[in-house]
Amino acid sequence: MKNRLLTLRRIQTSARFIIAFGLTIPLFSQEPFQHLREDMVKYQIEDRGVTSKSVLDAMRKVPRHEFVPGKYLADAHNDHPVPIGYGQTISQPYIVALMTELADVQKGEKVLEIGTGSGYQAAILSEITDSVYTIEIITELTNEAKERLRRLGYNKIVVKNADGYYGWKEYAPFDAIIVTAAAEHIPPPLIEQLKEGGKMIIPVGHPFHVQNLMMVEKQAGKIRSKNILPVRFVPLVRGK
Amino acid sequence: MRSTSLALALVSSAIIAYQLSLMRILSLIQWHHLAFMIISVALLGFGASGTFLFLFRRTITKHFEVALFIALLACSLAMMLAPYALQVISFDLYLIIWDTRQIWLLFILCFVFFLPFFFGASAIGMTLMHYAEAVHSLYFANLIGSAIGGLVAIGLMFLLHPIDIPPAVALLAISAALVTIPLIRKKIGELHIVLKTVFATLVIGTFAMTILSWVFPLHLTMSEYKSLSKTLLLPDATTIQEKTSPMGVINVVQSSVLRYAPSLSLAFQGEIPTQLGVFVDGEWTGTIINQDQSKHIHFLDYTTSSLPYKLSNNPTVLVVGAGTGTETQLALQQEARQIAGIELNPQMVELIKDDFADETRGLYNRPTVEIMTGEARAFLSQTNRMFDIISIPLMEGFSASAAGMHSLFENYLFTVESFSLMFDRLTDSGFIAATVWMNHPPRHSMKLLSTLIEVLRRKEINSPALHLVGIRSWGSVTLMISKIPFPDETLQKIKTFCETNSFDPIFYPGLTEEHTNQYNQLEHDFLFDAARELLFENEKAFYEKYPFYVKPATDDQPYFSRFLKLQNIPAFFELLGKEFITFMDWGYVVLLATLTQVTGLSLLFIIIPLLFMKRKNIHDTSESQRPERHPVPTKSGSGSKPGNPVQMLNQVPQSGMAPQPLIQHDVVVKEGIASIHRSKTLRTFLYFSGLGFGFMFIEIVLIQKFILFLAHPIYAVSAVISGLLFFAGLGSWFSNRISTKIFRLSLVSIVVLGLLYGIVLDDVFSLLSSIPLWLKYTISLIIIAPLAFLMGMPFPTGIAALSKRASRFVPWAWGINGCSSVVGVVLATFVAIEFGFGVVIAVASLCYGIVYVVGNDF
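Heads up: the sequence lines are chains A and B, in that order.
Under my numbering, the first residue of the first sequence is numbered 10, with each subsequent residue one higher.
Under my numbering, the first residue of the second sequence is numbered -11, with each subsequent residue one higher.
These aren't lab readings, by the way, just hints derived from the structure by calculation.
Please note that the accuracy of each hint is not assured.
What the hints assert, rightly or not - Here are the simulated DSS-like pairs of lysine-lysine, each with C-alpha atoms no more than 30 Å apart in a straight line:
{"id": "1", "chain 1": "A", "residue 1": "K227", "chain 2": "B", "residue 2": "K533"}
{"id": "2", "chain 1": "A", "residue 1": "K235", "chain 2": "B", "residue 2": "K184"}
{"id": "3", "chain 1": "A", "residue 1": "K235", "chain 2": "B", "residue 2": "K447"}
{"id": "4", "chain 1": "B", "residue 1": "K792", "chain 2": "A", "residue 2": "K235"}
{"id": "5", "chain 1": "B", "residue 1": "K471", "chain 2": "A", "residue 2": "K231"}
{"id": "6", "chain 1": "B", "residue 1": "K533", "chain 2": "A", "residue 2": "K80"}
To be verified - Just a sample of chain A residues kept apart from chain B, beta carbon distances all over 12 Å, derived:
{"id": "7", "residue": "P41"}
{"id": "8", "residue": "V59"}
{"id": "9", "residue": "K80"}
{"id": "10", "residue": "D172"}
{"id": "11", "residue": "E193"}
{"id": "12", "residue": "P198"}
{"id": "13", "residue": "E205"}
As the list claims (entries may be wrong) - Pair by pair, the computed Cβ-Cβ distance ranges are:
{"id": "14", "chain 1": "A", "residue 1": "G206", "chain 2": "B", "residue 2": "G498", "range": "27 to 37 Å"}
{"id": "15", "chain 1": "B", "residue 1": "G498", "chain 2": "A", "residue 2": "E226", "range": "53 to 63 Å"}
{"id": "16", "chain 1": "B", "residue 1": "Q555", "chain 2": "A", "residue 2": "K51", "range": "29 to 39 Å"}
{"id": "17", "chain 1": "B", "residue 1": "E502", "chain 2": "A", "residue 2": "A229", "range": "14 to 24 Å"}
Yeah, the Cβ is synthetic: ideal placement off N, Cα and C, and Gly gets one too.
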């Protein structure tokens, strides 16, 4: 039933997109995508259990369509990742929201993002806190993201083109670290640069099908990891 | 006629070689299972050619030589040009879930690759149709050509990069066209000068294009989502070595930021050295660690794979799947006394032994290290050596594992029988240790757990729980089974190792729940529960309730990476919506999609001619009623039963009766004819589809069985297929010399031999496992020969009989056989995954049984 609703919503959002573009641009020219974002947040994010007000507000505010290549504009608010070139994607809205909520970032806290990509995740974080540092290893993506964030007014985000393996020692330690690409190992320098009590969030799987999220926590000098998504399988295994 | 046979052999070899080279190209730039889908659909060109030949049979028969030449030339052109579609069309499998444009692009790709097969098959089909009386020798040429084509392709794969193979193969097809030029010389002579020029331009142009395609080779772009593409985007990343063989294209990439530490402990605080990345067909396979950075290599100690070395002093080690040497490196670090490594891909060994010997400081050339090339199963069954540790390291990339890329692959290493062999090669204090990636909910690790427990049971170990140990990090799982119960001191070492590295125990004797799930916390520790349930409770109930298929893999169902339970798809969909695809085995999903497509299209190709037949059946009886132009061979006709509809039709002219009574416009007679046609149609369908399915099912089972015996998948596959086709060709050649009685006996023999091989081959092979390889190949050919020889008979015999009784059915029969062969391959894979190879061979026998029953009338 929920899926049917989601499908209906998707059709509705697509229709709205067409209307927004085709008919009502003069009326809503300042923010023609606002409705699409509202729907995205309501049906893809809130309905799946993300409750953090700051995260939901940020997801409503950041213009996701600005971070998506022109040819995928119609897909910008859909419930899936979108390619941004160089083998990278802008994550599915729900995954971005969930990762941000899990990172539990508070106003004034310092966040490091490894893998800037389009800059969308950094923009979401910067709606919550002023100290966002992001590193991208691919030069072209870094330059594009820098330009995009500047154009959209996210001037406080600090972007660097470098190898994320070493983190960003000058600004360490961080309250939260978000790694946006699945990795087969977690670089020790990142764990080192995580503040006591801080959280690191890493997606596990392929860019097109994140299977679960891993949360690394540093508490009392001990490092622990937690897996987040597969909880949905428990009823299946236990025979409902 | 001789030149036609030669053309047929050439185009047949071109088609097989093209198919194999295409498989390599698509596996390289996209993924293996996509290649499987595109090629399966493209091969339906055989089925479509039957429909085409049926619809245009009169024109083709009238201008046979010209039509043959055009088909062959078109085939060679299509072979050369089709790969350019991959350059032009930016298709990517990963986008297909939500980007409907990709479905259309896939459709276009399938169509483009369909063309060479369609034209090639049309050339073969029209020749069989035209010279139906000589079908035995033509089919012989077809099969021998195909046998040679398989070997040519394997040879070319050693010499050329996959992208350069299609032009070479297209040359074979052009040669086939050139061979037929003398047949149309007279007709060319009669052409207008303009047409002559066009003709010459076309022929010379095709040749020139082939040469040009070598001078200006294709620039195919690998999917940007493959590991190699992504790695090459890293700073200063360059490919420093490339090797190609039928086993894949190996790339070695250097970059100052490339580091690999699979599932490294979160407690590790040192530096991870940069390494050289090694890729096979664009997928991450491992790394070469530069020994100059040896001070950093100790990071390997902080992986779950290092557990077995912490429990043994100076062990003798066997590394199954030595790859790029990481596990060998680990064993050396842990002061292993002697290390034997077995690696399937000789070029991988060459890479470490020779090409990068300096970087690895002669890792594979050290006195304590011995690396062998071959299939691990063969080594294990031949050797008398005993090992303290038999280690199976992580063998696939992280993404590939997560995406269920390998669900279609038979993996004879991770079966109960394989682990049992390893168990036999353990010293008294020895153990087997295997490491797999952790996915959520657990699949690979769960199946490994169930497989190892099953091994302990089969070895009649009294208390299996005392012989099993398992630990996990955040990303990997290492499971171990031992010959003797793990002693207390060892268990203490395991606990310490886990605490030091922040790893969690999954199972060891005496482990309680409060000591689990501490460092890498799961919402639900499925593995801990599963180990207890499988060891102490009702394992059957566990397998039923677990949402994925995690029963032990066996040699009969060697699909370790198959996890999808078909019956669970609705529940997954309900729970996860479209995201359920995320948790599916991509390979299996593609298999099901391919099966649906090829079955649907095949039915279409088979039904279209039927519609035309139906329309003409009542009014146009000329073909079925006219006196036969060719007398029915006395041998094949002599043993037939009276009252058979096809023969009743044939008996009319033979008995000297005038055809008039049958063409009276009498309703009863019309119905009678319609019913006879229906019966004939059904029998033709059953006969030729039965042959298509039966042949492919047997071929696939034989390939699987011989892969294990011959120790090398590539050589085994080429030997089996080429041997099978060669002896089937001989059978075809011989089949026009046999009586109906012998023919029927041959069908019975196929059923008997098929079943017999299915039952006894495994035992025969295990008895002969230690004989030299050359003798294995000889024995293999001896085993294949009789069955293949018999399997080569029914098709040409059926076509010959059909051509004499209802010649217009010949192209239809050709199409049916083509379609059922394609569907047969896909269906056999599905049946093997779901029910095992035993059922595949049983179905094959059933198919030949049906052929026997309906073949009475051929």
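Practice prompt. Kindly confirm whether 53 to 63 Å is satisfied by the beta carbon distance between G498/B and E226/A.
Written response: Because 29 Å falls outside the window, the suggested range is violated.
Worksheet entry | Distance rule for K80/A, whose beta carbon must clear each one in chain B by more than 12 Å | The assertion about K80/A is violated, with a minimum of 10 Å to chain B.
Practice prompt. May I ask you to check that D172/A keeps its beta-carbon over 12 Å from the closest beta-carbon of chain B?
Written response: violated (4 Å)
Item to complete: Taking the shortest Cβ-to-Cβ distance between P198/A and chain B, state whether it exceeds 12 Å.
Response: violated (9 Å)
Worksheet item: Are Q555/B and K51/A spaced within 29 to 39 Å by their CB atoms?
Response: holds (34 Å)
Practice prompt. Just tell me: holds or violated, for the beta carbon distance of E502/B and A229/A against 14 to 24 Å?
Written response: Between E502/B and A229/A, where Cβ atoms are some 19 Å apart, the hint holds.
Fill in: Satisfaction of hint between K447/B and K235/A, Cα-Cα up to 30 Å
Roughly 37 Å separates the two Cα atoms, so the pair is violated.
Discussion item. So if I understand the rule, the pair passes when the alpha-carbon distance is 30 Å or less; does K533/B with K80/A pass?
Written reply: violated (44 Å)
Discussion item. According to the definition I'm using, a residue is off the interface if its beta carbon is farther than 12 Å from all beta carbons of the partner; does P41/A meet that for chain B?
Written reply: holds (22 Å)
Worksheet item: CA of K235/A to CA of K184/B, is that 30 Å or under?
Response: Violated. K235/A to K184/B sits at ~76 Å, over the 30 Å cutoff.
Discussion item. Checking one constraint from the list: CA of K227/A to CA of K533/B, max 30 Å. Satisfied?
Written reply: violated (36 Å)
Discussion item. Looking only at beta-carbon atoms, does the pair G206/A, G498/B fall within the given range of 27 to 37 Å?
Written reply: holds (35 Å)
Checked against the numbered hints above, the structure breaks hints 1, 2, 3, 4, 5, 6, 9, 10, 11, 12 and 15 and satisfies the rest.
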